[in-house]
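As a plain string of letters, each chain reads:
Number of protein chains: 4
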Amino acid sequence: MLIIMHVNSTAEQIEQVKQKIIDLNLTPHVIPGRTRCAIGITGNKGALSADYFKHLPGVVQCITVTKPYKLVSREVHPEDTVIELGDVQIGGPEITVIAGPCSVENELQIFDIARQLAKMGVKFLRGGAFKPRTSPYSFQGLGEKGLKLLARVREETGMKIVSEVLDTEYLELVTEYVDVVQVGARNMYNYSLLKRVGKINKPVLLKRGLSATLEEFLMSAEYILSHGNFQVILCERGIRTFSTHSRNTLDINVIPMVKQLSHLPIIIDPSHASGERNSVPPLARAAIAVGADGIMVEVHPDPENALSDGHQSLYPFQFKQLLEQVQKIAGIIN
Amino acid sequence: MLIIMHVNSTAEQIEQVKQKIIDLNLTPHVIPGRTRCAIGITGNKGALSADYFKHLPGVVQCITVTKPYKLVSREVHPEDTVIELGDVQIGGPEITVIAGPCSVENELQIFDIARQLAKMGVKFLRGGAFKPRTSPYSFQGLGEKGLKLLARVREETGMKIVSEVLDTEYLELVTEYVDVVQVGARNMYNYSLLKRVGKINKPVLLKRGLSATLEEFLMSAEYILSHGNFQVILCERGIRTFSTHSRNTLDINVIPMVKQLSHLPIIIDPSHASGERNSVPPLARAAIAVGADGIMVEVHPDPENALSDGHQSLYPFQFKQLLEQVQKIAGIIN
Amino acid sequence: MLIIMHVNSTAEQIEQVKQKIIDLNLTPHVIPGRTRCAIGITGNKGALSADYFKHLPGVVQCITVTKPYKLVSREVHPEDTVIELGDVQIGGPEITVIAGPCSVENELQIFDIARQLAKMGVKFLRGGAFKPRTSPYSFQGLGEKGLKLLARVREETGMKIVSEVLDTEYLELVTEYVDVVQVGARNMYNYSLLKRVGKINKPVLLKRGLSATLEEFLMSAEYILSHGNFQVILCERGIRTFSTHSRNTLDINVIPMVKQLSHLPIIIDPSHASGERNSVPPLARAAIAVGADGIMVEVHPDPENALSDGHQSLYPFQFKQLLEQVQKIAGIIN
Amino acid sequence: MLIIMHVNSTAEQIEQVKQKIIDLNLTPHVIPGRTRCAIGITGNKGALSADYFKHLPGVVQCITVTKPYKLVSREVHPEDTVIELGDVQIGGPEITVIAGPCSVENELQIFDIARQLAKMGVKFLRGGAFKPRTSPYSFQGLGEKGLKLLARVREETGMKIVSEVLDTEYLELVTEYVDVVQVGARNMYNYSLLKRVGKINKPVLLKRGLSATLEEFLMSAEYILSHGNFQVILCERGIRTFSTHSRNTLDINVIPMVKQLSHLPIIIDPSHASGERNSVPPLARAAIAVGADGIMVEVHPDPENALSDGHQSLYPFQFKQLLEQVQKIAGIIN
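Residue numbers (the working numbering), protein chains in the order written: chain A, 1 to 334; chain B, 335 to 668; chain C, 669 to 1002; chain D, 1003 to 1336.
FYI, nobody ran anything at the bench for these hints, they're computed from the structure.
Incorrect hints may appear among the rest.
What the hints assert, rightly or not - Here are some of the chain C residues that sit facing chain A, going by a computed Cβ distance under 7 angstroms:
{"no.": "1", "residue": "V675"}
{"no.": "2", "residue": "I682"}
{"no.": "3", "residue": "T695"}
{"no.": "4", "residue": "I699"}
{"no.": "5", "residue": "G708"}
{"no.": "6", "residue": "R742"}
{"no.": "7", "residue": "E743"}
{"no.": "8", "residue": "M788"}
{"no.": "9", "residue": "T909"}
{"no.": "10", "residue": "F910"}
Note that the structure is predicted; figures quoted are calculated from it, not measured.
Think of the CB as a built atom: it goes at the ideal place given N, C-alpha and C, for glycine as much as any other residue.
Work out the full structure: start from the sequences and follow the hints.
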């Protein structure tokens, strides 16, 4: 923590700040400047709250130096986290591809798409059973019935299942059926849910909130790790900006930054970022080119008749072409 | 719904769109233009999903005309909703003032501030017992112990209690103790929680999410009303923008817009919008001047030693001056 | 400047940073922390560029402490700047009201509205002669003809004229005719123009850019002051955010911040912030309530037939009511 | 244009809107709906202003259907625009690479970097002679001296020169020396300058403004085309959002959208988008993967001692590696 004093601060005010620091069992370091004085603080283990100093007379600004996250930080854990699910890895040398429909709609649909994807070599199937919808009048998902269908698909195809949990009430149920529990963008700040998924023994796919800063995103992951679950996969899915030509603005620069600050794997969801089918393949290629550990893409056997997100779902043939392109791009980068 | 066709769309493509509309038991209206053709749709009761048409060949854009909300809409319910709590009203001719500390910290603190506020004529006491914190290492609130203190304060002072609920797990507990259940900004998209507060029989104070559009905000209220609870108070508390001189950007223009679109009362929280004590009184005055039904302000008996949000909490004497100013401004507007 | 070193930085790296600071004739202050070391710098007169240090091995972050602006700063010039135009002041105890149409359209229109406004006691008339328009196909203003009409209005009514300059080419012309030269939001980053208006001897009304931070806004004013013109009036007119219910988001919190950081007067333009007539009076009231030195409002004698911005222009009778309200609010605050 | 009427609008109000449309020599199409009525308008050649209707009683919303741009539109000009500069193309099958320092600093620096880049096969050299700087106290560029150095570099290396023009005053000078005239992000709304570059006979590189919507960006290009210059290259360089981990947020989704809406070539500037050296190569790879026609990258022979933007400039060896990667990615996409 660095405390900046007003140009006209008095010796007495500086003394008061120093005393406050000493009272907290920390050490003050007064740095006299030409126009104003600053006071450095050392001795704190984690981040120090500015609240202790902001109100003191003569204080202009409190600058936090230590990062508030610990367990997710690469400084603490320098090697990449690689998550193992049987013979498949997330965060390792191979890129991870998660594909499937927005929602599980019925047996025919989910088996149809899963078989096509498995044949292409896709190892992870996504499919929502519980859906967060802006409108109370929209389709809210099949619930447990959807989870059961996903489990049957796994039995047949061997694919790993990724599906979203909306609340603590159904967490146990969802965890039982799936291989990776997804926490959606709307729940990134739902700390009650984060604490709970911090206690399950399955990997958690944590999506960035619509307006979450990188620090808040990492702090939400910190909630999960600090409650005992170290298997967290981050997912960038676009942020909300003034720019309206796409549903969200995919913030790809978060990838190199996360790689620098954290050891956790991070993937990109181009489907929710764009909101439009034709933009999904370009964004997916960019995701791999920028260094993401993988992509999560909506693919539907019959997008025109999808119950949700049909306009942003790829046709299977489009997805197949995309798969070839991203594999080639991944080969260039490594 | 209005469907815009490509300038070079064919008669066959137009026919296909028409047929799709007819299949949905709706009526197409072809509007031939000089450069392109548009197709209007009538006959739908609520909002129609663009998903039905977006993918059809020749379609360029689908424009939604009907608003997706119903119960919160002023078109459906022209008179203002006024919420009655005993002899106090929210949304009526008097402005509502909710004040108190960020968190309930201990008996001494909460009784001290409540007595001071009651003496000033404040009818609503705020105080968090369950706190949503960005860091898992920060003070998370006193929990039930805090609620019990609030209940004792009510007994003594007669003030109505406003406190936040973080999850469905503690909803019953919180509802039992408080007079108005607050759903915070981070939970505005937590539809599981919204459905549940839609079934309680106490008023709900719903804060706007950090990056929620006005339509999403109203849709979250619609979740509550559509589950049976019509006692909803909206609260603007600042949105997230590029502008970093304050913690959030208070979007005061939402007040006249809500007044036009909805019958629900709406108040402003200047404390979280600004994040700094000195900006709170100016923003609170602006809140009343722009036509809000009230304000919710953080006041602490000893801000320098507050466990949370001390730097944005007013001193009691500051709040008293503010109270006089906003009452005068309210008098000018009505 | 404070330089934060990596947790694993070596003694040699720290030495290298110290040497660089000494080479710049400044003084390094090493602050050893528990987990990492920081190096404070003193001796610099103005802001120091992070560019000198960012690239050195072991450096994690460079934190700027000194503000980059000087002349606009309240630290340098503690008393409020009050601009005098004959018997009228801007930034003094009276609030400033600037009103008039978006564009000067013809003799009838501008004389009609000016006479009505003068009768209400308004001292400043706004009216665009050169208009910045998003489309090359829109009405671009009457040019010099418009300026001449404004000058004739001044002769008759005694009102001061405020009108926009778009480029250096017409600066001399505009300056000759008007009393206050307006630099619009789209030109806030036009440093060539700012340098030039820094050399005229008339007050400049500088609007905040659509996505300008407060610091950039003040730096643009610094351009004008540093070229010799100290008569600058700042104007907040809304920023661009994700929020689409209004044309822009009025960032009222900038007012208390500017009052703290700078001595320059600042007014609010509620018309461009909202983009809709019905929201203008509430925003204008909020502007005065939050402590702005004045407002600039679009008023048109016949909004329905205005050549530009008709839907956000007030009717004269509406404006008259508003004027009474804001005067009363101003009375409460002072 | 589609006009949405209030649910309770009267027959008389509908009649009034119809009459207004007829008065404008256009054709109204009344579409009676179940809850409300809408009125379509046909017969207009370009975009119709909502201003004609917004104020009429009973009107709730005016929805613009026709796009406001014409000349830049792919609907009007279906084939890609390819710009020829001697034997080099922009917008053709080969990707365009523009590289060089932020500013021309001196003879040694610019010749050094240019020779290295030319040896790598780079055809376009960037280098600022006139620099837009936030602070009036920062280095503002060498001016004409810088342009002369660039011209001498061209003579020796054969590279095409790209350099920025800041104002109409120096446009003739800059145009004389360079091959591609750059209009920077801060000048995207400077319509006086856009009109002027619309009359030169050299290609213009137009950067997107920090908070410009895609439509505004295309409209600024329309200004240039409508004044006679069809050689426009668009450039995405990041937008301003709440996200602070990078200097700007690169909005890569604008590439597929521009490719759909317009025939103009578009490149990406990853250096200004990121603001940090280590993020530039990942973003540059993403730029090509998403389908941009090229990249513009800051490279400096000695970044640590650069006069501006050193921390975001690549070392020549880094750039060489990047060049190989982007060429391979380009090969995969086509």
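Consistency of the hints with the structure:
no. : hint : result
1   : V675 : 5 angstroms, holds
2   : I682 : 15 angstroms, violated
3   : T695 : 9 angstroms, violated
4   : I699 : 4 angstroms, holds
5   : G708 : 4 angstroms, holds
6   : R742 : 10 angstroms, violated
7   : E743 : 5 angstroms, holds
8   : M788 : 37 angstroms, violated
9   : T909 : 6 angstroms, holds
10  : F910 : 5 angstroms, holds
Hints 2, 3, 6 and 8 from the earlier list are contradicted by this structure; the remaining hints agree with it.
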